[in-house]
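Trainee: Below are the chains, spelled out letter by letter.
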Amino acid sequence: MSSPRVLFIEDDVNLSNMLAISLRQEGYTVDEAASGEDGLDTFSRNGADVVIVDVRLPGIDGFEVTRELRRRSQVPITMVTACDDSHDVVAGLEAGADDYVAKPVGAKELAARIRALLRRTSAAPLPETILRFGDLEIHQEAGSVFLSGQEIVLTRTEFRVLCELAATPGWVVSRSQLLERVWDYDFFGDERLVDTHIGRLRAKIEPDRSSPELIVTVRGLGYKLQP
Amino acid sequence: MSRLWHPRRDRRRHLGLRARAVIAFGVGAALVSGALALISFTVVRQDLLSQRQASSLRQAYANARLVKAKLDGQPTDAADVLSTLAPPSGVRSFLNVRGVWFSASASVGGTPATPKLLRTVLAGNVAEQRVIVDGNPTIVVGIPFPSLGAAYIEEHSLADIQGTLNILAEVLAITAVATTLGGALVGLWASGRLVRPLTDVAQVAKDIAGGTLDRRLPSDPDLEPLVTSFNGMVTNLQDRIEREERFASDVSHELRSPLSTINASVELLGSYRDLLPEEGKASVDTLGCEVDRFSGMVQDLLEMSRIDASVPDLHMSELPLDELVLRTVAAHDATIPVRISPEATGLHTVGDKRRLQRVIANLLDNADIHAGGAVLVTLECHDGLSTLAVEDEGPGIPLTDRAHIFDRFFRGAASGRRGSTSGTGLGLALVAEHVHAHDGTVSVEDRAGGGSRFVVVLPVTLP
Numbered sequence: 001m002s003s004p005r006v007l008f009i010e011d012d013v014n015l016s017n018m019l020a021i022s023l024r025q026e027g028y029t030v031d032e033a034a035s036g037e038d039g040l041d042t043f044s045r046n047g048a049d050v051v052i053v054d055v056r057l058p059g060i061d062g063f064e065v066t067r068e069l070r071r072r073s074q075v076p077i078t079m080v081t082a083c084d085d086s087h088d089v090v091a092g093l094e095a096g097a098d099d100y101v102a103k104p105v106g107a108k109e110l111a112a113r114i115r116a117l118l119r120r121t122s123a124a125p126l127p128e129t130i131l132r133f134g135d136l137e138i139h140q141e142a143g144s145v146f147l148s149g150q151e152i153v154l155t156r157t158e159f160r161v162l163c164e165l166a167a168t169p170g171w172v173v174s175r176s177q178l179l180e181r182v183w184d185y186d187f188f189g190d191e192r193l194v195d196t197h198i199g200r201l202r203a204k205i206e207p208d209r210s211s212p213e214l215i216v217t218v219r220g221l222g223y224k225l226q227p
Numbered sequence: 228m229s230r231l232w233h234p235r236r237d238r239r240r241h242l243g244l245r246a247r248a249v250i251a252f253g254v255g256a257a258l259v260s261g262a263l264a265l266i267s268f269t270v271v272r273q274d275l276l277s278q279r280q281a282s283s284l285r286q287a288y289a290n291a292r293l294v295k296a297k298l299d300g301q302p303t304d305a306a307d308v309l310s311t312l313a314p315p316s317g318v319r320s321f322l323n324v325r326g327v328w329f330s331a332s333a334s335v336g337g338t339p340a341t342p343k344l345l346r347t348v349l350a351g352n353v354a355e356q357r358v359i360v361d362g363n364p365t366i367v368v369g370i371p372f373p374s375l376g377a378a379y380i381e382e383h384s385l386a387d388i389q390g391t392l393n394i395l396a397e398v399l400a401i402t403a404v405a406t407t408l409g410g411a412l413v414g415l416w417a418s419g420r421l422v423r424p425l426t427d428v429a430q431v432a433k434d435i436a437g438g439t440l441d442r443r444l445p446s447d448p449d450l451e452p453l454v455t456s457f458n459g460m461v462t463n464l465q466d467r468i469e470r471e472e473r474f475a476s477d478v479s480h481e482l483r484s485p486l487s488t489i490n491a492s493v494e495l496l497g498s499y500r501d502l503l504p505e506e507g508k509a510s511v512d513t514l515g516c517e518v519d520r521f522s523g524m525v526q527d528l529l530e531m532s533r534i535d536a537s538v539p540d541l542h543m544s545e546l547p548l549d550e551l552v553l554r555t556v557a558a559h560d561a562t563i564p565v566r567i568s569p570e571a572t573g574l575h576t577v578g579d580k581r582r583l584q585r586v587i588a589n590l591l592d593n594a595d596i597h598a599g600g601a602v603l604v605t606l607e608c609h610d611g612l613s614t615l616a617v618e619d620e621g622p623g624i625p626l627t628d629r630a631h632i633f634d635r636f637f638r639g640a641a642s643g644r645r646g647s648t649s650g651t652g653l654g655l656a657l658v659a660e661h662v663h664a665h666d667g668t669v670s671v672e673d674r675a676g677g678g679s680r681f682v683v684v685l686p687v688t689l690p
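Chains as they are written, first to last, in this note's numbering: chain A, 1 to 227; chain B, 228 to 690.
Hints listed in this document are in silico derivations from the structure and should not be mistaken for laboratory results.
Quick caveat, the model's predicted, so the values are computed rather than measured.
A virtual CB, placed ideally from N, CA and C, is assigned to each residue, including glycine.
Check the hints yourself; a few may be wrong.
Unchecked claim - So the derived list for chain A, only partly shown, Cβ under 7 Å to chain B, looks like this:
(1) Met18
(2) Ile21
(3) Ser22
(4) Lys103
(5) Gly222
As the list claims (entries may be wrong) - Covered stretches of chain B, going by a simulated chain A footprint (3 or more residues, C-beta under 8 Å):
(6) 492-505
(7) 541-552
(8) 580-592
Full structure from sequences and hints, please.
Mentor: What follows is the structure in structure tokens.
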């Protein structure tokens with residue numbers, strides 16, 4: 001299997017160079033792009049297994065790049081934000097990013113994030129290949145989801161969140177459990193990751209997003225999938 | 228002297244605008260209604276008395292003519308003459324003939340008229356006097372019969388008028404009290420109306436202080452200067468805060484990008500550490516430490532500037548406090564003992580996980596830098612309050628420094644030389660900011676057996 005391809009969209013050439021060298025040392029193939037437009041061109045040309053995008057870019061910004069990438073593909077996207085506490089995080093996650101890292105970012109941390117996003121299998125064992133919840137059908141091996149017979153396109157992270165909930169239907173899965181199993185975060189991971197992904201999942205599979213019937217919030221505990 | 232005046236001035240200041248308005252209206256109404264009542268009473272009394280006086284005089288003349296006619300006609304008994312008068316109640320007639328008193332009823336004793344009145348009448352003049360008889364005000368009229376050497380005296384009791392006047396006085400007093408209360412009520416209502424714009428101003432100011440910066444006062448022709456300058460001030464404030472927020476986020480981006488590059492370069496350099504000579508290795512290690520420290524400083528500065536620039540955005544969620552403490556301490560230094568009291572075991576509260584983690588981490592960092600590391604971390608829970616304590620065996624904090632230790636960039640006399648081990652000067656200030664954001668308190672005390680004990684008390688909020 002060829003080395004995973006990382007597209008790194010970052011306007012700070014020095015930072016991009018340093019991180020690219022480190023990532024190549026880790027065995028990734030790295031494409032560098034210095035602007036959003038350049039990044040989208042490179043993605044059309046070469047594709048990528050993971051995209052890393054800085055939210056502050058000259059020209060079209062990282063949020064727009066993320067939205068455009070989401071229109072074209074379900075590729076895992078990690079944002080690079082300047083602040084871990086800013087609105088950038090939520091805005092980026094809502095634009096469709098799977099994860100984020102805050103500056104100052106190191107190569108080791110970035111490599112660990114990429115590994116987590118590329119991980120294919122869930123930590124929890126999957127009992128059946130096809131799971132059914134009302135009109136919802138999850139084909140675990142194929143990685144596809146059908147709602148009333150119509151295929152729903154999910155990102156890999158959304159699919160994994162759904163599979164974690166589907167592994168124990170009717171049982172509450174806490175935010176920190178989801179952070180650990182899907183994103184490889186420890187106790188201190190950002191719970192906004194979970195909440196935005198649940199929101200995106202609901203938008204795709206719930207008939208009425210404002211009163212969810214499939215993915216139910218259990219206050220103070222986490223989420224569960226109604227069997 | 229001035230000392231004596233202080234309490235009074237204080238009381239005036241503490242009396243609210245509305246209370247003062249109510250008192251002023253009440254006192255005003257009391258004065259006006261009191262004066263009106265007094266004037267009405269006096270006028271009515273005067274009028275009633277003069278009417279009664281006139282009628283008494285008329286009646287006395289009529290009776291006197293009757294008596295004189297009878298006495299002139301035949302020399303009869305004066306008492307018999309008087310008894311033919313049949314005076315109405317409250318009226319008594321007397322006759323003085325050459326010093327001897329006669330009266331219609333035998334029961335009446337004493338002299339009805341004062342010596343002065345009698346003298347005047349006997350001298351041949353009609354006289355009139357107001358006196359008190361048996362506790363009742365009474366008009367006494369004297370008419371002389373000079374030809375007979377006699378004087379006819381008539382007493383007119385004013386008891387009925389006094390009764391009327393008493394009722395009038397009561398009615399007027401009740402009216403005055405009612406008017407005073409009414410005045411106070413009007414004062415309450417009017418001051419409420421007057422203060423309402425101020426209440427609006429206060430509400431808007433409160434909203435703005437709470438972070439709703441787009442609130443403005445509605446225009447009001449009477450308050451034009453206030454509204455204009457208030458709204459102008461808020462607009463300036465909003466601009467300034469937004470500018471500062473932008474500045475903080477710009478600085479954050481500008482500083483963090485080169486810092487990221489340095490960080491990445493040092494990491495890359497570190498991967499070739501083994502190829503370097505000893506001096507090179509030492510240099511790479513120092514560089515790594517300093518980059519970490521610099522990152523921490525930038526992070527602290529940015530965090531503080533974010534807190535300053537706006538209402539801090541808390542990300543509240545339900546979290547297990549004991550687990551947060553255990554995990555944070557373990558991530559810092561797994562050898563530090565942690566004692567969780569039974570009440571605090573499994574304790575869940577609502578808080579910002581990242582900030583609370585920073586609180587604990589900063590206290591542990593502080594112990595590392597100034598006191599050779601924390602020796603014990605405890606978590607207890609009593610009466611809805613969780614108490615987290617970080618203890619060290621360092622030199623302790625002098626009493627004089629304790630009030631300032633949570634100030635930014637505070638360096639106590641004992642904090643020592645700056646070096647790679649010194650902190651950013653913001654760690655404890657951030658602890659205080661984060662704890663206050665959770666409505667908690669932080670303090671420092673002596674640890675039993677030497678050293679310091681930093682205590683964070685947070686309200687436990689149940690989800």
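Trainee: A separate judgement is required for each hint: does it hold in the structure or not?
Mentor: Against the structure, the hints:
| no. | hint | verdict |
| --- | --- | --- |
| 1 | Met18 | holds, 4 Å |
| 2 | Ile21 | holds, 6 Å |
| 3 | Ser22 | holds, 5 Å |
| 4 | Lys103 | holds, 4 Å |
| 5 | Gly222 | violated, 10 Å |
| 6 | 492-505 | holds (count 4) |
| 7 | 541-552 | holds (count 5) |
| 8 | 580-592 | holds (count 3) |
The structure is inconsistent with hint 5 alone, although it conforms to all the rest.
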